[in-house]
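Trainee: Listed below, chain by chain, are the residues.
There are 2 protein chains.
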Amino acid sequence: MEIIRTVNEMQTRSLSILQDNKTIGFVPTMGFFHEGHLSLMKEAKKENDLVVTSIFVNPLQFGPNEDYDNYPRNEKMDAERAKEVGADILFMPGVRDMYPKKMMIDMSINERVNVLCGRSRPGHFEGILTVLSKLFNIIKPNKTYFGMKDAQQVAVVDALVQDLNFPIELVALPTIREADGLAKSSRNVNLSKAERKEAIWLHKALKHGQRFVVDGEKNPAIIEKEVKKIIENETSGSVDYVELLSYPELKNVSFIDQQVILATAVFFERARLIDNLILNADGSLVKQIK
Amino acid sequence: MEIIRTVNEMQTRSLSILQDNKTIGFVPTMGFFHEGHLSLMKEAKKENDLVVTSIFVNPLQFGPNEDYDNYPRNEKMDAERAKEVGADILFMPGVRDMYPKKMMIDMSINERVNVLCGRSRPGHFEGILTVLSKLFNIIKPNKTYFGMKDAQQVAVVDALVQDLNFPIELVALPTIREADGLAKSSRNVNLSKAERKEAIWLHKALKHGQRFVVDGEKNPAIIEKEVKKIIENETSGSVDYVELLSYPELKNVSFIDQQVILATAVFFERARLIDNLILNADGSLVKQIK
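Protein chains in written order, with the numbering used here: chain D, 2 to 291; chain G, 2 to 291.
Mixed in with the good hints there might be a few duds.
Identical chains share a label here; the pair holds if one copy fits it or two copies do between them.
[What the hints assert, rightly or not] Calculated lysine-lysine pairs in the BS3-like style (CA-CA distance at most 30 Å, straight line): (1) K226 with K102; (2) K194 with K144; (3) K185 with K226; (4) K288 with K102; (5) K103 with K288; (6) K47 with K23; (7) K252 with K205.
By construction, these hints were calculated from the structure, which means they are not laboratory data.
One chain only, chain D, in its complex shape:
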């Protein structure tokens, strides 16, 4: 596996790969790999000639009071794991190289963001739009891979690719979970032992909400309230949101008659966790987002 650390070198390398008529599958990450990341690389490996994985903890998508400095990092282990699953190039640019000076161009999105994480993390998705536009132009992938744990991110990237005509296929893959159901996340290491036990209740509560939909409940407010109650009762965390919205449009619905997301975010002492389920109108899980 090649390791590339500069934007120039990566851009040149990508152009030469494309000149050889090879396809590139791209997995953008912030590193500290878990099974979720690795599942994206494995799928990318199946569907493309080469897999490029980037590790870049993007300062632009962190708010002033967020965990940019404490975001977990482990380059050496990441490189080993990426190599094991067959990544061909690991791209790890520096912040100065990605942002040599203050950005003049600003990107924003006027839909899909005034809900869920967009509401409590102002500027977060704008930062993601910017860094992904840059990475797409540097790496020029044919396909790009994201995990559905970050379902709102997937909806935002979908808007970006559509609206700006990036010639890239967006592939969204299922959330990978621990044996007890907790969604895998780099931030899980920041949970205390007690919190780690409680954290299983995010997924349990969402599954409980799903049961309501299966049983014919059509009112989002009732389901949101039930899910929130469980998380509040069973954890020491503070609920940021529990929301049920259309997906991927992320609009409020008053009646469940389409594909929806049931999502939550919970603040623990040193980690804010998120999780979600994508459901059909009958409450069954959506297997494949298209």
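Following the hints, put chain G in place on chain D, whose structure we already have.
Mentor: Below, chain G without anything else, positioned relative to chain D:
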């Protein structure tokens, strides 16, 4: 010369050109070609395997009271002229194809726009950023060509390409003028006979301003005032602005000791004309913007 009218077809065609390892020179235009446009295509022809020219009168870059509906159009003549100078592909997408629905992604720029045309045309450069990002992703050029008559546009595209890492070389070529000095512009056809005669004074006044710099004047305010006085005295037009700024940063300077732009915009009855000179600190014309 091929004519392509859909985004899908153009994007597919470009990918196949790149797979053949051929380079693409791209000339984005709003059509109604004059010598200025043709000079860009001729240069693109010299420097690339294929030349793609687009004609798209982009509604996003026109304000509500601007001349979108009256912008001159002549597809047939444009096609003939583009063919004559060796364009290989003429891309003329429809508005519905470029903007199938309201854009979710917004692009803006926080420098280089609160001056010159950016001040009197709010939203103009935002619209240009959006349409060019789309066209760059559809056509995937190696180089793209712009005329220096639209010097602020060149500065904005320079910011776009730099900030978002588009792997595209921006080439800016000199303004093409009529025999009497008037900058060629598609909008010149909207001048009355009397206005057409007066319009030569934009260039004459700028040349007069240049003379001041050559003679050692270092104070932008004095030069701006002189240029404005001439245009007001010699034309029936209404001066939108006369400004002298650093280039391409487009910042106010209190003392001329670097590359600058001396630019003007003048409203006539049915046309708003612009013109500029790019000058070295000693007042000599800058031949090649890099």
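Trainee: Using 30 Å as the alpha carbon limit, work out where K185 and K226 are close: within a copy, between copies, both or neither.
Mentor: within (25 Å within a copy, 65 Å between copies)
Trainee: Are the CA atoms of K47 and K23 at most 30 Å apart within a copy, between copies, both, or neither?
Mentor: Close inside one copy (13 Å) and across copies (29 Å); limit 30 Å.
Trainee: One pair to classify: K252 and K205, alpha carbons no more than 30 Å apart. Within, between, both, or neither?
Mentor: Within. Shortest intra-copy distance 24 Å satisfies the 30 Å Cα cut-off; inter-copy 57 Å does not.
Trainee: With identical chains, the pair K194 and K144 could be close in the same copy or across copies; at 30 Å between alpha carbons, which is it: within, between, both, or neither?
Mentor: neither (38 Å within a copy, 56 Å between copies)
Trainee: When no copy is specified for K226 and K102, does a C-alpha distance of 30 Å or less occur within a copy, between copies, both, or neither?
Mentor: neither (46 Å within a copy, 34 Å between copies)
Trainee: Could you figure out if K103 and K288 sit no more than 30 Å apart (CA to CA) within one copy, between two copies, both or neither?
Mentor: between (41 Å within a copy, 29 Å between copies)
Trainee: Between K288 and K102, at a C-alpha cutoff of 30 Å, which is it: within one copy, between copies, both, or neither?
Mentor: between (42 Å within a copy, 28 Å between copies)
In the structure shown, a violation is registered for the earlier hints numbered 1 and 2, in ascending order.
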